[in-house]
Amino acid sequence: MSLPGCLRAAGVALLLCFATVTGAWAHASLVEANPPDGATLQGSPPSLALRFDEEVRLLDLHLVGPNGPVTLAGVAHGVGDLLSARLPPDLPNGTYLASWRIVSADGHPVGGSLAFGVRAAPVTRSAPSDDAGTAWSTAGEVLRFLFYVAFALGAGGALFRALVQEVGRGERRGMAAAALGGVVLALLTLPVQGGAMLAAPFPSGLSDPGMIVAASTSTVFLRCLVAAAGMALVATSLIVAGKVARAAGVLGTVIAAVGLSLSGHAAAGGAAMQALLAAHALVAAYWLGAFWPLLVLLAREGSRASPAVRRFAALAIPAVAVLLVSGAIQALRHMPAWDALVTTTYGQLVLAKILGASLLLILAAVNHLRLTPALPTQGPAALSRSIKAEGLIGLAVLGITAVLSATSPHAAQTGDAGHVHAVHRHKEGTERNATARVSGWTVHLLVSPGLTGSNRITLRLERDGHPEGPAEVWLELSQEGAGVVGLRRRMSPTQPGTFVHEGPELAIPGPWKARVELLVSDFEQISAFLEFDVAAGR
Amino acid sequence: MTRLLIGLSVLGALISGAALAHVTVDQPTLPADSYVRIAIRVPHGCEGAATTGIRLQVPPELRGAKAMPVAGWALTTRMEGGVTVQGEHGTAHVPREVSWQGGNLPDDQYQEFVLLVRTPAEPGATLYFPVVQDCEGGKVSRWIERPSAPGERLRYPAYSVRITPKG
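Those protein sequence lines, which keep their order, are chains A and B. Here the first sequence is numbered in our numbering, starting from 1 and rising by one per residue. Here the second sequence is numbered in our numbering, starting from 1001 and rising by one per residue.
Careful: at least some of the hints might be erroneous.
Said to hold, decoys possible - Have a look at the derived ranges for each label pair, beta carbon to beta carbon:
1. P203(A) / S1160(B): 53 to 61 Å
2. V520(A) / Q1101(B): 40 to 48 Å
3. G242(A) / P1147(B): 48 to 56 Å
Stated by the list, open to error - Over the 10 Å line for every Cβ pair with chain B, so calculated as not near, a few chain A residues:
4. S44
5. L143
6. L180
7. L225
8. G356
9. I393
10. G481
11. A482
12. M491
13. I526
14. A536
To be verified - A few chain B residues that don't get close to chain A, going by computed Cβ distances all over 12 Å:
15. T1029
16. P1031
17. D1033
18. S1034
19. C1046
20. A1071
21. A1074
22. T1077
23. V1085
24. H1093
25. P1120
26. E1122
27. I1144
Hints in this document: simulated from the structure, not taken from any laboratory. Values in this document were obtained by computation on a predicted structure and should not be read as measured data. C-beta atoms are modelled at their ideal positions from N, C-alpha and C, and glycine is treated no differently.
Isolated chain A, as found in the complex (with noise of 0.2 Å):
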């Protein structure tokens, strides 16, 4: 390793070292700041001083406001417990983010952060942004359902013809394509959650790499890496003939389906639900993926397609329980109520993708039960005609899956109870939301809009699946990454069950975690973590 990169690492290894330090055993605290935590200035504050309860020494001091990094004059750590900072005049109006890191007396490193307005004007939104936002998440959405749409084909293929029957050259060409294809829409996602997370302008923002480096903060920059990874080794195991390579080809399946579970609503649910989506998406190949194959072999072989025909069949019935199974449980876990089913976007595309997934099954029952066994005698139109329809009628499932796999699982909040579709569906590019389950409370914590700035940041507490509110509710913001550790906020109730906290600490865009505690009784407390991306704003 070169020195450099020496020095980096030992700085990577500093910090973690704060942060493990800050964020469990805080000795030296804060006891006085000005600007206080969470104020709203009327002009532009000469100085930013913190005062702890014992003497500190100076890490680090940085201020970050609507226009980037703030250049700090003069950083005194003078009189023992106070430290102090001179700011530039006129600060733009905005929200600041004050971070420090500091060795207290006894030698241990803490951090801390705070935030506050300068003639705060609540971030807003522009129009134009508004459209671009719609514009990436479309983009996003169709993206995803050609990405499905070749996973099917390619990796279903490689499927096929690893458990089913070996396929000729020319369909594996064909599907080679398409996982090759699969590659490119994977890695196209990239800039298109960065344009959709820093809300560029569209679609003149797919061409700034900085773009992909705002989506490599992102859990989707992961998830995209490895499907094009798995991808890239189906496309190249269907180029060769034989086992090894029909191996390969399974293998390459796995980690794609593995890659999609690494991100979206079933990265949230942890290692068991991503497991099941990954079983999901890899059965959803191999079902949807036989159909063209089975296609073929039927034009070319006729009734003597037979035995591949239920070789695949063999295979198929307990793959189907599986996708039911699992989709099953996923969509249990995201609805609130059984209410949601209508009410909200969500639940009708769940209804949607049920009613296909329905029309699917009933044309494979059909498929296995008559016109199967009544192959050899009656030749394969009329099996490849139902196949035809079960190809037509998948994609149609593949499509709502996309804009499932984008959509919030809960409706908006109650101030646009009167139109939540329309505004659900407007906010989606930006409003963010994650659950949580611990100790018998069911969390749902919802950022609106999701934007640095001011935000709203409702949670709804459930315990057995009744709304619920304990004593306190603390919040605990930070952003390790970008300095921010331990912005703590009480959460005010609203009504039964429901808990917010306006203000404007998310000034950075980026991954958030938000640690939820929940005060019980005077001697229990539970704590939720919860993670969620903020765009920026403006």
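Position chain B against the provided structure of chain A, taking the given hints into account.
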């Protein structure tokens, strides 16, 4: 190299962390089936404010708990919700909560609050001693967090004590 550095710093964090000041109990392990004196150690106030009250929720696994009075502090026990056990001296009631209230312990001074407890008959259990520290100006530090996952780092952990075989 990177891994080594990260490993070292994590180790450093662990060591430095363990030495830091929390409200704790003076013994990490207690022998099973014994009467033992334990002390709740209060090394500082709440973010600089003086301590005015210490409230302990007695672990339900204990078969007895008697608190020692401290001069200048009102000792109260809450029996509702406590357990009743058959002891060698007849039926014993274990309080649910013990509190020392109304004192004033400045941030830069140290105090111990002592209890005599009767430990569970069998070894193996981990007992949590959640403590609420009330301070001047309405400040409260709740030393009540329990890990929800192994190795989780807590800001205000409830002190845990393991019950070991009687030696």
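(request) Against the earlier hints, flag every one the structure doesn't satisfy and list their numbers going up. (result) Violated hints (numbers, rising): 2, 13, 19, 27; every other hint is consistent with the structure.
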